[in-house]
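Go ahead and model the full structure; you've got the sequences and the hints to work with.
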Amino acid sequence: AQSVSQHNHHVILSEAASLELGCNYSYGGTVNLFWYVQYPGQHLQLLLKYFSGDPLVKGIKGFEAEFIKSKFSFNLRKPSVQWSDTAEYFCAVRGNNRLAFGKGNQVVVIP
Amino acid sequence: EAGVAQSPRYKIIEKRQSVAFWCNPISGHATLYWYQQILGQGPKLLIQFQNNGVVDDSQLPKDRFSAERLKGVDSTLKIQPAKLEDSAVYLCASSLDQGQGYTFGSGTRLTVV
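Protein sequences, first through last, are from chains B and E. No gaps in the numbering here: position 68 of the first sequence is 68 in my numbering, and each next residue is one more. No gaps in the numbering here: position 99 of the second sequence is 99 in my numbering, and each next residue is one more.
Everything labelled a hint here was simulated from the structure, so no lab data went into it. All values derive from a computational prediction rather than experimental measurement. Note that beta-carbon positions come from the ideal geometry of N, C-alpha and C, so glycine has one too. The reader is advised that the hints may include incorrect statements.
[As the list claims (entries may be wrong)] Quick partial rundown of chain E residues pointing at chain B, CB under 7 Å, derived from the structure:
1) A5
2) S7
3) Q41
4) P43
5) G101
6) F104
Following this line, the structure appears as structure tokens:
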């Protein structure tokens, strides 16, 4: 079964700063990759996904992620964060029809 | 389109009691998932249905948890008897098929005291 690692569980940064969240997975087969966001009091929402093709994926709200197959990574980035980006971010990997999540990154953006 | 509906939103029960959660997926979505999200952790898959058949229940604690999706549409997840460590948010998700993205419901927050 696959596993997903997210580091730096708590991230605090100021508005306009750049954000990068790391995601590494372990699975030897074909994978689909996802980043989900959970705003306070809301349900999980899909930010972006990678199935195939261009490894640089652009999602909603200015987020992007890059799939690096050799590093088993799918890092999330945003060049300039806003206060409204305060949320928990989850990386998820589907392999063998099972979707596994990382533990999440709690991101707090200070105005 | 309407999202994934879950009820109740919150539930508080005493240990050893039983509880049931309900999920209505997006219309036409054949695949339905139940996840358990314990505070500070990512969601963990409990069970996956394809129409009314179980695809994966390898992480479901079958001694106390059960789930069904009798008509291939809505689903119920039951815990009997509940333990303190079952306190978590129970998320339901659905997808058009196993190869597509997932849509999550708002979840049911269970507190076992």
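*Which of the listed hints are not met by the structure?*
1, 2
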